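Residues in the sequence shown are numbered consecutively from 8, following our numbering.
Don't read these hints as lab results, they were simulated from the structure.
The structure presented is a predicted model; accordingly, all values stated were derived computationally and were not measured.
One thing to keep in mind: the hints can contain errors.
What the hints assert, rightly or not - Calculated pairs, SDA-like style, for lysine to any residue (alpha carbon to alpha carbon, straight line, at most 25 Å):
#, residue 1, residue 2
1, K198, T149
2, K173, R44
3, K198, E111
4, K198, A166
5, K198, A84
6, K173, A51
7, K173, P55
8, K198, W106
9, K198, D127
10, K198, L164
11, K173, G142
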Amino acid sequence: MTGVLERWLDAVVATPGLTGVRDQADARRVMLDDALRGLELVSAEEGPVVDVGSGGGTPGIPLAASLPDRVVTLLEAERRKCDFLERWAAELPNLRVVWGRAEEQPLETFGVALAKALADPPVAVEWCLPLVREGGAVILWTGPSADPERIATAASLVAGRVESSKDGLVVVRKAGPTPTGFPRRAGVARKRPLA
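Put together the whole structure using the sequences plus the hints.
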């Protein structure tokens with residue numbers, strides 16, 4: 008699978024508008040190596056995986072290549088980015104691409120939802136947690152400025168709880184059914200975050 012990932016990295020760097028990264032070494036570090044930091048966490052969960060706001064395909068494509076027996080869905084709202092992602096679905100049989108917004112997807116469908124550079128963590132929690140079935144998890148790639156209390160507050164309002172936070176990876180466990188009214192309609196979470 009390493010050949011697929013090398014070609015993917017080359018294509019990401021060469022395709023305008025997918026990422027601001029233009030250097031192959033930076034792309035490897037930011038898009039591949041950083042995505043694979045979540046491999047152990049994703050492996051420990053069950054069920055299909057969704058990468059919300061996949062963009063150029065990270066973390067979904069590296070994880071799909073590393074977990075060939077797990078179905079990984081790349082959910083992306085921009086049609087142009089979906090067209091790019093479709094090329095890799097042809098090479099990785101466990102990869103699916105869906106054009107749409109998180110707020111418009113069927114609820115409680117996945118075992119794991121991933122968010123890397125999607126939005127402020129409380130917003131990402133609101134978008135991702137309704138997609139995960141009870142007992143499943145959301146895994147967030149967060150930066151050093153992420154506020155754990157805000158993440159915990161947002162999670163509690165959408166039937167989740169922060170299970171662990173280590174080295175910029177936060178696991179939010181789905182503790183119950185998605186409350187009525189969530190997800191809020193498109194655009195509301197970003198304008199009025201839960202925390």
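Hints, verified against the model:
1. K198 <-> T149: holds (20 Å)
2. K173 <-> R44: Between K173 and R44 the Cα gap is close to 11 Å, so the pair holds against 25 Å.
3. K198 <-> E111: holds (17 Å)
4. K198 <-> A166: Holds, because 21 Å separates the two Cα atoms, which is no more than 25 Å.
5. K198 <-> A84: holds (18 Å)
6. K173 <-> A51: holds (16 Å)
7. K173 <-> P55: holds (23 Å)
8. K198 <-> W106: Holds - the C-alpha atoms of W106 and K198 are around 22 Å apart, at most 25 Å.
9. K198 <-> D127: Holds, because 11 Å separates the two Cα atoms, which is no more than 25 Å.
10. K198 <-> L164: holds (17 Å)
11. K173 <-> G142: Cα-Cα ~20 Å, so holds.
Checked against the numbered hints given earlier, the structure satisfies every one of them.
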